[in-house]
Amino acid sequence: MTFLPDDVYELVERSVPILCVDFFPIEIDAAGGMLVGLIMRHSPFGEVWCHLGGRVLRGETLRDAIDRHALDTLGAGVEVESDQPQHVYQWFPPELAPSDGTVHGDDPRKHSVGLTYLTRLTSVASPRNEALDFRFFPVDALPSPMWPGSADLLARVLQTR
Numbered sequence: 001m002t003f004l005p006d007d008v009y010e011l012v013e014r015s016v017p018i019l020c021v022d023f024f025p026i027e028i029d030a031a032g033g034m035l036v037g038l039i040m041r042h043s044p045f046g047e048v049w050c051h052l053g054g055r056v057l058r059g060e061t062l063r064d065a066i067d068r069h070a071l072d073t074l075g076a077g078v079e080v081e082s083d084q085p086q087h088v089y090q091w092f093p094p095e096l097a098p099s100d101g102t103v104h105g106d107d108p109r110k111h112s113v114g115l116t117y118l119t120r121l122t123s124v125a126s127p128r129n130e131a132l133d134f135r136f137f138p139v140d141a142l143p144s145p146m147w148p149g150s151a152d153l154l155a156r157v158l159q160t161r
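The sequence shown begins at 1 in the numbering used here and counts up one residue at a time.
Read the hints as simulated data drawn from the structure, not as lab findings. Just so it is clear, CB atoms sit at the ideal spot from N, CA and C, and this is done for glycine as well. It is possible that some hints are incorrect.
Claimed, not checked - Ranges between beta-carbon positions, derived for each pair:
#1 D72 with V12: 17 to 23 Å
#2 S99 with S123: 17 to 23 Å
#3 E95 with I28: 17 to 23 Å
#4 P17 with L142: 22 to 28 Å
#5 F137 with Q159: 30 to 36 Å
#6 Y9 with E95: 33 to 39 Å
#7 D6 with Q159: 36 to 42 Å
#8 D6 with L35: 25 to 31 Å
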């Protein structure tokens, strides 16, 4: 796989939207309630809780991208129900954020389009790389602070279930 030099990739990020996979591991607790897995990470907003994911590489399938990010961030495998995302969500830096009412998340680093999935872990998670921590939370009791847009994204994905 060929990677762009950092300066060229930065130019790409400033020039075109980046395709990403975003995902939320879920599980059901003993009482039948849904739990969602989130990572704690460093961000432009400080240390925040957020969903998992990242960019899709050229020639990589969406499932392979999810697997790569899950292994890189949690050291765990995931099950994905379908190749089709449950939701599509846009992320914008402030200077590009739409003012027409378009729902979006905040990402000061780049404009990206996230194909969002609910997944299930197939092994025990062990946070690594960008993940400072990983935990499951009840969907109605999310932690704070969260990456701006991440909680809204989760609510929208759960509406499609």
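Given a hint of 17 to 23 Å, does the C-beta separation of E95 and I28 actually sit inside it?
violated, 41 Å
So the hint says 17 to 23 Å: do the beta-carbon atoms of D72 and V12 match that?
holds, 21 Å
A range of 25 to 31 Å was offered for this pair. Does it hold for the Cβ distance of D6 and L35?
violated, 37 Å
Does 36 to 42 Å hold as the CB distance between D6 and Q159, or does it fail?
holds, 38 Å
Please check whether S99 and S123 have a Cβ separation lying inside 17 to 23 Å.
For S123 against S99, whose Cβ atoms are near 44 Å apart, the range 17 to 23 Å is violated.
Could you say whether the range 22 to 28 Å given as a hint is met by the Cβ separation of P17 and L142?
holds, 27 Å
Mind checking the hinted window 33 to 39 Å against the Cβ distance between Y9 and E95?
Violated, at about 19 Å.
Within 30 to 36 Å or not, the Cβ separation of F137 and Q159?
violated, 18 Å
In summary, the structure is inconsistent with hints 2, 3, 5, 6 and 8 from the numbered list given earlier, while agreeing with the others.
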